[in-house]
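Student: Sequence:
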Amino acid sequence: MTITPSHIIQYLYCPRFTYFEYVVAIPQYEEKYMKVRKGREIHEQKARQNIDYLRKKIGVVDKHNNQYITNSFLRGEIDEVLELKNGTMSPLDFKFAVYKDRVYDTYRTQLYCYAVLIEQNYDKKVEKGFLVYTRSKNKLIEIEINEENKLQVKSVIKRVLQIIINNYYPKATKYKKRCLSCTYRNICIK
Numbered sequence: 001m002t003i004t005p006s007h008i009i010q011y012l013y014c015p016r017f018t019y020f021e022y023v024v025a026i027p028q029y030e031e032k033y034m035k036v037r038k039g040r041e042i043h044e045q046k047a048r049q050n051i052d053y054l055r056k057k058i059g060v061v062d063k064h065n066n067q068y069i070t071n072s073f074l075r076g077e078i079d080e081v082l083e084l085k086n087g088t089m090s091p092l093d094f095k096f097a098v099y100k101d102r103v104y105d106t107y108r109t110q111l112y113c114y115a116v117l118i119e120q121n122y123d124k125k126v127e128k129g130f131l132v133y134t135r136s137k138n139k140l141i142e143i144e145i146n147e148e149n150k151l152q153v154k155s156v157i158k159r160v161l162q163i164i165i166n167n168y169y170p171k172a173t174k175y176k177k178r179c180l181s182c183t184y185r186n187i188c189i190k
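According to the numbering used here, the sequence shown is numbered sequentially starting from 1.
Everything labelled a hint here was simulated from the structure, so no lab data went into it. Being a predicted model, the structure only gives us computed values, none of them experimental. Don't take each hint at face value.
[As the list claims (entries may be wrong)] The calculated DMTMM-like cross-link candidates involving lysine to aspartate or glutamate, where the alpha carbons are at most 20 Å apart (straight line), are:
| no. | residue 1 | residue 2 |
| --- | --- | --- |
| 1 | 158 | 148 |
| 2 | 63 | 119 |
| 3 | 137 | 93 |
| 4 | 154 | 127 |
| 5 | 124 | 62 |
| 6 | 125 | 77 |
[What the hints assert, rightly or not] Using C-beta positions, here's what the derived DEER-type ranges look like:
| no. | residue 1 | residue 2 | range |
| --- | --- | --- | --- |
| 7 | 56 | 167 | 46 to 54 Å |
| 8 | 189 | 106 | 22 to 30 Å |
| 9 | 178 | 57 | 37 to 45 Å |
| 10 | 148 | 180 | 26 to 34 Å |
A virtual CB, placed ideally from N, CA and C, is assigned to each residue, including glycine.
Start from the sequences, fold in the hints, and give me the full structure.
Tutor: Laid out in structure tokens, this is it:
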């Protein structure tokens, strides 16, 4: 069984997402949300544009577009896997978002997951990742990725898999404001 960066992000938001969606099999129907649909359209559009463009200002010497990568516990599709002139690699992800002088933890977590996948599949070190904010004139933001970030991802993967494999009903998030807009708020026993 493999999980995705979305599973990890949902678990970090509230561990019960994992239980309701992947143990009880109650879908969220996130496709109905405009931002999700628009984000997917942007990814498809970017995949067709500038296929051969290399971001030389950040040291890119080669890139691999739309890489679906997996290992024994994690899977994901990375918009661009960049090969850098220092011999390392980096994930690059397009975001249908406006940059507001802050990078959300969910975006960071996604890059950390991609770093784990890249290191295990390409056997190259990942020290940073990149985000492109498409609604801010394709602003490029660099995110540092360290060993602790990758270890945290692996730790969360183990906890997510324990819930799924053991049919375990975890504690809810300690941030009760999150419950107000939760898809599962009507069935979640607090």
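Student: Run every hint past the structure and note whether it holds.
Tutor: Now for the hints, and whether the structure bears them out:
For the hint linking residue 158 to residue 148, the alpha-carbon distance of about 16 Å falls within 20 Å, and the restraint holds. About 15 Å separates the Cα atoms of residue 63 and residue 119, which keeps this hinted pair within 20 Å; it holds. With a C-alpha separation of about 15 Å, the suggested pairing of residue 137 with residue 93 holds against the 20 Å cut-off. With a C-alpha separation of about 16 Å, the suggested pairing of residue 154 with residue 127 holds against the 20 Å cut-off.
Between residue 124 and residue 62, the direct Cα distance comes to roughly 14 Å. Compliance with the 20 Å bound is thereby established for this hinted pair. For the suggested pair residue 125 and residue 77, the alpha carbons sit about 18 Å apart, so the restraint of at most 20 Å is met. A hinted range of 46 to 54 Å holds for the C-beta pair residue 56 and residue 167, which are about 51 Å apart. For residue 189 and residue 106, the Cβ-Cβ distance of about 26 Å falls inside the hinted range of 22 to 30 Å, so the restraint holds.
Between residue 178 and residue 57 the C-beta distance comes to about 39 Å, which sits within the given range of 37 to 45 Å. The given range of 26 to 34 Å is respected by residue 148 and residue 180, whose C-beta atoms sit roughly 32 Å from each other.
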